[in-house]
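**Student:** Here are the chains, one letter per residue:
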Amino acid sequence: MAVADANKTAVVTPGQRRRSIAIAVGLGALAVIFFAVTMVRLGGNVAKRMEMEGKASRSITLPAGQETSVGQ
Amino acid sequence: MAVPDIESMIDDGGSVGDYVALLKPRVMSLVLFTALVGLVAAPGSMHPVVAFVALLCIGVGAGASGALNMWYDADIDALMQRTAARPIPRGKVTPEEALGFGLFLSGASVLVMGMLVNWAAAALLAFTIFFYLAIYTMWLKRSTPQNIVIGGAAGAFPPMVGWVAATGTVSLESVVLFAIIFFWTPPHFWALALYRCRDYERVGVPMLPVVAGADETRKQIWIYSLILAPLGVLPVALGFAGVIYGAVSIVAGGIFLRDAWRVYTIREGREGDAMAQRLFKFSILYLFVLFAVLLAENLVGAELLGSVGLWL
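Respectively, the protein sequence lines represent chains A and B. The numbering used here applies: residue 53 is where the first sequence begins, and numbers increase by one. The numbering used here applies: residue 141 is where the second sequence begins, and numbers increase by one.
For reference, chain A alone in the conformation it holds in the complex (with noise of 0.2 Å):
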């Protein structure tokens, strides 16, 4: 009785495969989403960050007396 419960418990249907597969692709997919929107976001932010870098750098490095207002 107790083989045939360890028997039991470890045979997987084909039906449990296939729902334990689609979760895995549920679960794969939802994970892609999450980094391929943060990506979108982030992607944006980063390049006005670079951007706005780019121009305060531009600015210091001209000749004194031309710019005062950076770092103010």
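Don't read these hints as lab results, they were simulated from the structure. Ideal placement from N, C-alpha and C gives every residue a C-beta, glycine not left out. A couple of the hints might just be wrong.
Partner residues are not named here, just some residues of chain A that face chain B (Cβ under 10 Å, in silico) [as the list claims (entries may be wrong)]:
#, residue
1, 70
2, 73
3, 86
4, 90
5, 93
6, 97
7, 108
Simulated coverage check for chain B against chain A, where a stretch passes if three residues somewhere in it have a Cβ under 8 Å from a Cβ of chain A [to be verified]:
#, region
8, 235–243
9, 407–413
Please build the complex by placing chain B on the supplied structure of chain A, with the hints as guidance.
**Tutor:** Chain B alone, transformed into the frame defined by chain A:
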């Protein structure tokens, strides 16, 4: 020696297809279509990836509502010919599994919408699911002949959710899209109920033709059609639809009114039933054409379509 088939002795449960059926894919496709129109018609631009996620959340939320509806209505679904083949009445999925599946997908769709799109759209999506389950399925469907009227709001929310996903706020234009579907729902369903109400009568769902009679239903169809036809033209007046939409909505609204009038006046025999069937079929075409033209105008460009309209 015969080997016992252990696999057949174990309950295999529902297949992936059964779980997909719980999501009511046909309803989901309609929800996605109207939500897409709301999203595209909204002002401003949206990153395609974020727009895709918004639509995915709306679709999953609609599917979750379907699963929760099947969980609650399992008793009457088993008795009606149209719904007897659903996964719960067939014994493929237990009501508890459907409930868990629906609740999980509801929570997931709302959370993902909030985290990745915006929380206003997530709140509206949550309200839509709540409205469909609690207000329509649990309360109104079995208690009042006006079930279709109020319950129709649940089907009218998706374009509004799409609009809010794109803009972060509810505006008059999104309310007009909501109103078009809201006032379209009663004539659409009552036209069907006029010639197919026996199933509902048998399980005690108080559809209007059963409770108030066919004549009253025909009158109500006519009244709602009178409100719907001008509402369908309103997007042009508010400036978020172009010339082509204007022409299509006027012509389609006219045909809708003509068919509704025939349903109201031709009441007897086969011709009466034929008129109701005709209105039911045209009502599907009406909503699809209106939203498809609105979508096309916004995707292709209202000005371009407008110039084509001038050539025609």
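**Student:** Which hints from the list above does the structure break, by number from lowest to highest?
**Tutor:** 6, 7, 8 and 9
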